[in-house]
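We have chain A; now place chain B onto it with these hints.
Protein sequence lines, in the order shown, are assigned to chains A and B.
Take any residue in the first sequence, count from 1 to its spot, add 342: that is its number in my numbering.
Take any residue in the second sequence, count from 1 to its spot, add 1: that is its number in my numbering.
Keep in mind that the hints were calculated from the coordinates and are not lab data.
C-beta atoms are modelled at their ideal positions from N, C-alpha and C, and glycine is treated no differently.
A couple of the hints might just be wrong.
In the SDA-like style, the derived pairs of lysine to any residue whose C-alpha atoms are separated by at most 25 Å in a straight line are [to be verified]:
1. A/Lys547 / A/Arg751
2. B/Lys266 / A/Leu354
3. B/Lys113 / A/Arg352
Derived list of chain A stretches under chain B, where covered just means 3 residues or more per stretch with a C-beta under 8 Å from a C-beta of chain B [as the list claims (entries may be wrong)]:
4. 568-575
5. 637-645
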Amino acid sequence: MISVENLSKRYLVGHRDERTGQHSYTALRDVIGREMRNVARKTIDVVRGRQVVQGDTVEEFWALKDVSFEVQQGEVLGIIGRNGAGKSTLLKVLSRITEPTAGRITLRGRVASLLEVGTGFHPELTGRENVYLNGAILGMGRAEIRRKFDEIVAFAEVERFLDTPVKRYSSGMYVRLAFAVAAHLEPEILIIDEVLAVGDSEFQKKCLGKMGEVSRDGRTVLFVSHNMETVIKLCGRGVLLGSGQVVEIGDASAVVAGYLRGNYSGATEISLNDKPRPFGLPTRIRLSGANVVAPQLDWVFPFGQSLSFDIWIDSTILIGNAELGIGLFSTKGYEIASWTNACSGDQCVVRPGVNAFRVDYEDLMLLPGQYSIGVGIRSGQGRDLEDYVPDAILFEVTASARSAEINGRTFGGALVPRARLSPLTEVQPTTAYADLGR
Amino acid sequence: MPDVIIIEAGLQERNYWRDLWRYRELFYVLAWRDLAVRYKQTVIGAAWALIRPVLTMVVFTVIFGHIAKLPSDGSAPYPLMVFAGMLPWTFFSTSLSEASGSLIGNANLIGKVYFPRLIVPTATVVVAFADFLITFSILAAMMVWYRFAPGWQILLLPAFVLLAFIASIGPGLWITALNVKYRDFRYVIPFVVQFGLYVSPVGFSSHIVPQQWRLLYSLNPMVGVIDGFRWCILGGQSDLYLPGLAVSLAVAAFFLWFGIRRFRKTEKSFADLI
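Isolated chain A, as found in the complex:
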């Protein structure tokens, strides 16, 4: 079990003086003055035993600030956050590779860290030799490695090339072998940093399977990843780091949702007035705005949640049989599905002034990804185009517990249709099944 209390880590960052670079008439006097100040500062640092930083000015950078959390035994904790949030630094401190500036960590149990695949692999040594080398570096005894050697090689699928120097391996083989060694570690606490993002999809499935095994064995796992689906699938709880601080801790799905939400700041209200119109500016009816429907806070929809939004229309005239068309496109421009109110038989009456309509997609299971919506409005039973705004709305569908359930990442296409499966008992199948398994 792990206990982290007020952990902080500070780095010193040097900066070169920008100003002197801009003046083309830098006096020699200024250059000498600056360099002497640097030498004086560095000498004082050496005497005081402090770190020597290259540059003219030195700034403090807190990679971690007052981070606190607890992990119970057997728990799998996911650590997520943007690049630069402090995830890798946190893992480094937990792995005792670097020392904290302040705070305290208590670890109960043997710790093994996997911060990089193939740590210590030497290109001149053969696969066999590197397994022993890497295993020893990661903390496995020789007897242990010997015992698990066949398992490791079978997992990596490199039996044929065991006695070839690793420098001749393809990148896929290299990574498989490296991960295979690490996957057979048996510590009480396992710390993993984004190393599952390697290899082809077959291998990734294997890795995920192995990770699942590890957590079922009752080991405590700390897992950093950018793949939200993997995080939801493997982790019970999650920690969201931002700028070195803990932003949120809690259930993995909730924390992931919070993270994905946070990537989209601010306004949900979209003004369509200034958007480009390829077919000319509208004269009578204008599509003026769009917004999400409460309780939705932004244009990010978790997979499986229904898609709804409001469209506002400014009009100078009355149209009784207007047709509002919504086109759904992938960001590459492929048209996925288009619809107008004529399809559902709903009336669209546009009156002079400001009009508001709500569009509700029922059961539209778009796969995680980014999409755009084009909106158009026609009058005269669909003959006259009044206004059309392509790319009016950009929105995103994200991973959710539901998509993790169905392994959404393995699906192609854009959406998941509604279909059912039921067994038939009355009809006898005619094709023989005897050749199955031959």
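Chain B only, in chain A's frame:
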């Protein structure tokens, strides 16, 4: 009973020595790695370990023995005396040079995996020891050639090997720790080793040093080690200056203590600076 590890700023690892024992196999593995890599894809690779000391011995014998006509110890052949001095010196200089750069050379490990960092420079000394054993076999061959039988003193050789080990690991640890922070030392070490080769009694016997300077001369820990080696190998032909040996031993022990202390103090910041 599960181990409890507490990590705090400035806290000296209570588990350090236990961790060193637990990771003891890593000493062997890292040394084995360096040796295995050395001779991969080489043709005469292993032979180089033999050619180098033999050639140096020939050169020294010609320069110091024949041209400068410096006296040998007792009635021992000059080449044998030179070689007996070269044996520990090569061990020391290789250890020091390799250990000084070992942390930086293994930067990828230091930044990504935890293990007691003391293992890295120590493993390089183990590699130097492997070379030592090869060179020792050449010495044995030479003794057969000169029909020079060693006395009972040869049984004490392991003690002097240990002294050579101590004399090299102490400064090695200190320099490698300094090297991580201030890369200047990368340029200092080759010079110190070159200089030491002529200052230490490798090419000549320490008996030619005037008596009143011998004690001061023994501040160089390798003086004691080389004298000891010569005494062991050449039997009674070379006497051992005991006060000098004591001084050398004290200096080596001091550097060992100092080196380990400095290393442990700065160890925590290696990953940040490397």
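Going down the list of hints, with the structure as the test:
1. For the suggested pair A/Lys547 and A/Arg751, the alpha carbons sit about 11 Å apart, so the restraint of at most 25 Å is met.
2. Taking the CA atoms of B/Lys266 and A/Leu354, the gap is near 19 Å; set against the 25 Å cutoff, the hint holds.
3. Proximity of B/Lys113 to A/Arg352 is assessed by CA-CA distance (about 19 Å); at most 25 Å being required, the pair is judged to hold.
4. For a cut-off of 8 Å, the count of residues in the segment 568-575 of chain A with a CB near a CB of chain B stands at 0, and the three-residue condition is violated.
5. For the segment 637-645 of chain A, the stated coverage by chain B is not satisfied: 0 residues place a CB nearer than 8 Å to a CB of that chain, which falls below the threshold of 3.
In summary, the structure is inconsistent with hints 4, 5 from the numbered list given earlier, while agreeing with the others.
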